[in-house]
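S.K.: Spelled out from the first residue to the last, the chains are:
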Amino acid sequence: MRHLRADGYAVATPFPVLDVSGVSYRYADRLALNDVDLRVMRGEVFALLGPNGAGKSTLIRTLCGRLKPSAGKVEIDGDNPAISRLARAKVGLVPQDIALYPYLTVAENLSVFGRLAGIRGAKLVERIRDAVVAAGLEERMDQRIEILSGGYKRRANIASALLHAPKLLVLDEPTVGVDLEARNSINAVLRSLAEAGMSVLITTHDLDQAASVASKVGIIFHGEIIKTGAPEALVAERFGNDRELILVLNEPAPPEVVAFFYQHNFKSLEEGRRWRGRLSVSDKDVGALTDQLAAAGAVVRETRIRQPGLDSLYADLTGESEVA
Amino acid sequence: MLVIAYASLIGLLRDRGALVMAFVLPALIFVIFAAVFSGTQGDGLEIEVVFSNATQSDQGAAIGLALVADAEIRFAPGGHPDDRLAREAARNLVLSGKADAAIVVVGPVLVLPPRQATDPSVEVLADDAKPIAGALASAAAQRALGIAVPGSVSPPAVQIMAAAEGERDPAVAYYAGAITIMFLFFASLQGAVGMIEDRTSGIIDRLMLTRGGAGALVAGKYLFLTGQGVVQALVVFVVAWLGYEVMFWSAIGAFAVTTLLAATCAAGLAMAVVSVSGSRAQALATGNAIVLVMSAVGGSMVPRYMMPQWLQDLGAVTPTGWVIDAYQAVLFRDVPAMQLEQTWLWLAGFSIATLAFSWIATRVKERAV
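So the protein sequences, as listed, match chains A and B.
The first sequence: position 245 = 245 (this note's numbering), numbered continuously.
The second sequence: position 24 = 348 (this note's numbering), numbered continuously.
Keep in mind that a hint or two might mislead.
[Unchecked claim] Below are the DSBU-like pairs computed for lysine-lysine, each with C-alpha atoms no more than 30 Å apart in a straight line:
(1) Lys167(A) / Lys73(A)
(2) Lys68(A) / Lys227(A)
(3) Lys227(A) / Lys73(A)
(4) Lys167(A) / Lys68(A)
(5) Lys68(A) / Lys689(B)
(6) Lys167(A) / Lys123(A)
(7) Lys267(A) / Lys227(A)
(8) Lys73(A) / Lys689(B)
(9) Lys167(A) / Lys689(B)
I should point out that these hints are in silico values taken from the structure, not numbers from a laboratory.
Note that the structure is a prediction, hence the values are computed from the model and not measured.
All chains, please: the whole structure from these sequences, using the hints.
M.R.: Okay, here's the thing in structure tokens:
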């Protein structure tokens, strides 16, 4: 996209590959998306976080053209996916489940999905090769999907969405149910795709993954994007130099201790036994705090102090201890 | 132990498909079979005969009148004694399946001492595909002889003969078609439920972004199931040919059209059921119930002519009934292809309607998720 400066020179401005602007979507009985704004730039990995029912799936369906927004607009590289096949063809979708034929090999699956995307002949061979290299599947080409490990199945799932060289890759919970090693390898795949210029939008349960792979995160809650930005910047903006204090009690807190915690802006994490609060004072004050708690009848079994992270921000904004 | 039983009971009560399979379907199939077999053992089995007084004698006319007065005999259209059919015309009506048997007066009815051999006075030309019809027509002819020519009735007076010539076994030909269409439906249903996995795994989500969309999935599955059905039918008929001399290739054109339409019917029905089902279990329960009832009523398990008239009428408007009738016409009755047009049109119409329904239902479902 280009615009004219006041001095008359045309300058290039960053052009969002995904541009969601003021989008609302209403099901019969509830508003699933409410005035959602979201932009994903070229080469950016954007992680969308939110609890169940927050509107993540509705948003994905909207930007894949499956649902037409009640208000607002969605554009993929300038085209509306609800009416333009061209726009939909610019999206590569990686569903949460393994959307592949289990009795076919990796190569056979890629060939099937490539053909369905309208790719034929030498171009298909080339695209399959590129997708396999991008997903690190060179050694698994001739193995059936059903016998692959969870991590390789996930990679094959990603590879199948790359065949038509999409501008935007949308991944719905790409690391659910995989081990740490597989998660790291998937993260590496996503990073390399972004470095190659692809825009990536992921929804994830995994806050560590979001923190490590995403250049930008958005937190969606009750159909609204309540925060968007770079993870570190958002955490710094929210917590400043504060640290996070987690106290684990021997037993659920009695009412007077609960009142004490709420008075000090602590939040309950686990049936009144685990509490999280922010600490803007010195470590010495932690001792005083635990003494006060002991005097109120609560025995602190464990005390943890750490730098706040994305999970702290998420919990602080949504009141949920983890992404559902 | 009781907890497990309780949990299983709750699961059953909340699974409508399982409830239908467990309680409704067995009772329904029982009612169908009870209706069929109570008819065959009692007075309820009615056959349609044609009459020919080939001798044009007064005795023959009297036998015709006695048959008209017989409450257990119905005359097929064009086969009443007043129609004055020749023997060959009567035989052709049986061969074409329009009548179950022909009662033909072929000689004088003689009053002879018991056990004295003589040429038969009456021939019963029976449809080989309906052996019971021959016996019933023979019994009716014996009764008519007894009334028309008192004292004439001795077993040799009436002879049952096959209306068809040659060595074809009509029962084998019948069941080749009947079994083929039943298993075409079952196999298609089994193949089509894969679409539900495609939906739940996200394959359809992925396809919705491609050029073909969900239509590619429906069309591809339909093509596959049709191909599978054609091969499946061929396997059955090749076995019938090798083992029982069912010469399906003697009318290969009509056989091919019938087989193709049977396969498209099975594919269409299976996909229509799957397209409106929410789960694999629901699709299989619904589909199996439909196929079983249709097979029972349509004649895959028991020939339709053995059923009471209301069931025959019902079976005649099922795809199973159409396919069996078409195979019978092609394999046994040598019916010209032109006369199969109406049956083929029904089959083609059903195939197109079910395919269109499944395409629309899939599209609506995928758009509305």
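S.K.: Now, for every hint given, state plainly whether the structure supports it.
M.R.: Status of the hints after comparison with the structure:
1. Lys167(A) / Lys73(A): Holds, at about 18 Å.
2. Lys68(A) / Lys227(A): holds, 24 Å
3. Lys227(A) / Lys73(A): Since the Cα atoms of Lys227(A) and Lys73(A) sit roughly 20 Å apart, the hinted pair holds (cutoff 30 Å).
4. Lys167(A) / Lys68(A): Since the Cα atoms of Lys167(A) and Lys68(A) sit roughly 21 Å apart, the hinted pair holds (cutoff 30 Å).
5. Lys68(A) / Lys689(B): holds, 15 Å
6. Lys167(A) / Lys123(A): It holds: about 18 Å lies between the C-alpha atoms, which stays within 30 Å.
7. Lys267(A) / Lys227(A): Between Lys267(A) and Lys227(A) the Cα gap is close to 20 Å, so the pair holds against 30 Å.
8. Lys73(A) / Lys689(B): Roughly 24 Å separates the two Cα atoms, so the pair holds.
9. Lys167(A) / Lys689(B): Since the Cα atoms of Lys167(A) and Lys689(B) sit roughly 27 Å apart, the hinted pair holds (cutoff 30 Å).
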